[in-house]
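Chain by chain, the residues run as shown.
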Amino acid sequence: MKRKKRIALIGFLLLLVFGQLVAQPFNLDKNIQPQELKMTDFKKGDSLLSGKISVAVIKQVSDTAYFFVRGAGIYQQVILTASNRKPNQKLDIALCKESWNKPNRSGVIDNQKAYTEQFKTEGSFGIRVISKRPNPEYQLIVWIGDEPKKIKMENAFANKPKIKKP
Amino acid sequence: MKKLAFLSILLLVKLAAFSQGAAIARARAVINFIPTPDVSSDAHDIVVASTEIIRDIVKGNDIARSLSLEECVPDFTQDLSSDILVSCNSEPSCETCFQTSFGKINFYRRQLARLRCIYNNTKTFTDNAIAFGDNMSGIHAMSGMRWQQVRIDIMKNYKTMQGTYDRRYIEFMGGLQESLRELDTCMYIAGENNWYIKSGFIYYEFMQERYKRPD
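In the order they appear, the protein sequences are chains A and B.
At position 89 of the first sequence the residue is numbered 89 (this note's numbering), and the sequence of numbers has no breaks.
At position 118 of the second sequence the residue is numbered 1118 (this note's numbering), and the sequence of numbers has no breaks.
Calculated from the structure, these hints are not laboratory results.
Derived DSS-like pairs: lysine-lysine, alpha-carbon spacing no greater than 25 Å straight-line:
no. : chain 1 : residue 1 : chain 2 : residue 2
1   : B       : Lys1156   : B       : Lys1212
2   : B       : Lys1059   : A       : Lys149
3   : A       : Lys132    : A       : Lys90
4   : A       : Lys38     : A       : Lys59
5   : B       : Lys1123   : A       : Lys102
6   : A       : Lys59     : A       : Lys113
7   : B       : Lys1198   : B       : Lys1212
8   : A       : Lys149    : B       : Lys1104
9   : A       : Lys113    : B       : Lys1059
10  : A       : Lys43     : B       : Lys1059
11  : A       : Lys30     : B       : Lys1156
12  : A       : Lys132    : A       : Lys113
13  : A       : Lys102    : A       : Lys132
14  : A       : Lys44     : B       : Lys1059
Distance ranges between label pairs, derived from CB positions:
no. : chain 1 : residue 1 : chain 2 : residue 2 : range
15  : A       : Lys149    : B       : Tyr1204   : 21 to 27 Å
16  : A       : Lys149    : B       : Asp1056   : 20 to 26 Å
17  : B       : Asp1056   : A       : Arg133    : 28 to 34 Å
18  : A       : Lys38     : B       : Thr1185   : 43 to 49 Å
19  : B       : Arg1213   : A       : Lys38     : 29 to 35 Å
20  : B       : Ile1202   : A       : Lys44     : 40 to 46 Å
21  : B       : Glu1205   : A       : Thr40     : 43 to 49 Å
22  : A       : Lys132    : B       : Asp1166   : 49 to 55 Å
23  : A       : Asn88     : B       : Asp1056   : 23 to 29 Å
Computed list of chain A residues with no C-beta within reach of chain B, every gap over 12 Å:
no. : residue
24  : Gly45
25  : Lys86
26  : Pro87
27  : Asn88
28  : Gln89
29  : Lys90
30  : Asp92
31  : Val108
32  : Asp110
33  : Asn111
34  : Lys132
35  : Arg133
Note that this is a predicted model, so its numbers are computed, not measured.
Think of the CB as a built atom: it goes at the ideal place given N, C-alpha and C, for glycine as much as any other residue.
Please model the entire structure based on the sequences and the hints provided.
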């Protein structure tokens, strides 16, 4: 068990080795200064919801805001929801992995309609929010589930009962 | 005259720094993090609502795609089980032996798959970052100089990552071999002698090649 715990930390250590440079979509533009959405422990021990969460109310002061989230693992689920806190407000939201200019997923938050995405990814990812109206206000919720103790995988081998001869 | 020229240059540099700082300040957003244990907060409803959204999604669907199509995702959908034609005849110790060894083998399969995906994703990211930086750095001399230092750091970290991968690979393959030996013992209990020599080593060598670092 100790060995398994040690090995389980290795994934985290591998990320730390490259953590500094892969914490966000890569860019050399000094005007893009993504802000980190810090994750905190959430519902530890709960069979469904145990993981980490970031719940943030955001008042945007520019037309485009950039955020990033760290600490996701390829076996962990990530759920992101974004919704308006002001009426008649339309926001373009994009999720970016490699580059801010090439969003991997995107959507629109429009009045009562919330934007929700569910995915898996290793390490970190970026969130870009664009508003055409000044001073938008919205909330972002990011949840990263704990790694499941059992992952659905076929056994490499199986033992089957002998066929009994009549 | 020289003093005036120096002061002019100093003023221009300071103005440039100020406008850059102002641009960066303008680009930021004001974030108010809601502490989830804080039930007295006005934003408690947000926390409750978000919990319900997450619960509904997690209950309804546990299969999620990767964020990026270029991202490596471990694939365990292929059924690799083979007909071994051994039976425990409901012997509890035999069943336990198999369950334990299968569990260990699956653990190392999972870790090897994770290791490879982390490495592949990092390699893809590094290649894209180097290509992007090489293309963009030529636009301005100052960017070029800064990029060279960043490039050295990226390559240095990548080399470290390669070393870490190799060490973890050796450790995981050792664990996998140990687990296969344990399975060999279970096979012996079930009446199948020398299973590892006949079949197990083929699987080990397959995994050895599959997860060896490609570069």
